[in-house]
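**Q** So the protein lines, in turn, are chains A and B. Just so you know, we're using our numbering here: the first sequence kicks off at 1 and counts up by one. Just so you know, we're using our numbering here: the second sequence kicks off at 1 and counts up by one.
These are computed hints drawn from the structure, not numbers from a lab. A few of these clues could be false.
Unchecked claim - Straight line, CA to CA, 30 Å or less: simulated DSS-like cross-link-like pairs of lysine-lysine:
| no. | chain 1 | residue 1 | chain 2 | residue 2 |
| --- | --- | --- | --- | --- |
| 1 | A | Lys57 | B | Lys73 |
| 2 | B | Lys70 | B | Lys3 |
| 3 | A | Lys57 | A | Lys11 |
| 4 | B | Lys16 | B | Lys70 |
| 5 | B | Lys16 | B | Lys73 |
| 6 | B | Lys16 | A | Lys57 |
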Amino acid sequence: DTGVSQDPRHKITKRGQNVTFRCDPISEHNRLYWYRQTLGQGPEFLTYFQNEAQLEKSRLLSDRFSAERPKGSFSTLEIQRTEQGDSAMYLCASSLAGPPESEYFGPGTRLTVL
Amino acid sequence: AQKITQTQPGMFVQEKEAVTLDCTYDTSDQSYGLFWYKQPSSGEMIFLIYQGSYDEQNATEGRYSLNFQKARKSANLVISASQLGDSAMYFCAMRELNTGNQFYFGTGTSLTVIP
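Using the sequences plus the hints, can you model the full thing?
**A** Below, the structure is given as structure tokens:
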């Protein structure tokens, strides 16, 4: 296992379209996180799963955003009716419950909404 | 209030010199972790170093060390013997271990190593 993977790496879409991103965590990691990063800023927390349970959601996660982690493995983040303000890098990270130093990030999906 | 503050938007350092990147944090939680990540232009966040709030010793990982001053709530990153490949964005982050598991990130410091 070479780390956290995300697909696609880049996505360009038109305003109003739906998009879905996928994250495959490190196989033995039971925690999975989604973050959003805009230009010049640090990543902002969106949501967090422990196994298949979504335990925490940020206020940043509007009703147009939904995340799932069926069977506690890979996760998907869907954005419905995209807006230009959704343009950002979407980062996924995974970790083991326990030592906090074991969190690893994927390469991110860069979303551009035209 | 900001949980993590990085006051240096950009820093320059001569190759082979040491550089300190500043980070202060704000929390009322007694149990927390402090992290530094490197983000090259490719975009991936690379974990560098971790310091737990109860750790007595400053963390070190190779050329990276974390200058942890708990009373001042600062967690500065020191990079020794800078290399050209160190040029990147550096983010300080914190996790409050008793009040959830999300990371709080600073706005980052852009480090440029000059040959």
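**Q** Next, verify each hint and record whether it holds.
**A** Structure-based check of each hint:
1. Pair hint Lys57/A plus Lys73/B holds up; C-alpha atoms about 27 Å apart against a cutoff of 30 Å.
2. As the CA atoms of Lys70/B and Lys3/B are separated by approximately 15 Å, the hinted pair is consistent with the 30 Å bound.
3. Using a Cα cut-off of 30 Å, the hinted pair Lys57/A and Lys11/A holds, with the two alpha carbons roughly 24 Å apart.
4. Our distance criterion of 30 Å between C-alpha atoms is met by Lys16/B and Lys70/B, whose separation comes to about 29 Å.
5. Note on Lys16/B and Lys73/B: the hinted pairing holds, with a Cα-Cα distance of about 29 Å set against a maximum of 30 Å.
6. The straight-line distance between the Cα atoms of Lys16/B and Lys57/A is roughly 43 Å, outside the 30 Å bound, and the hint therefore fails.
In summary, the one numbered hint that this structure violates is 6.
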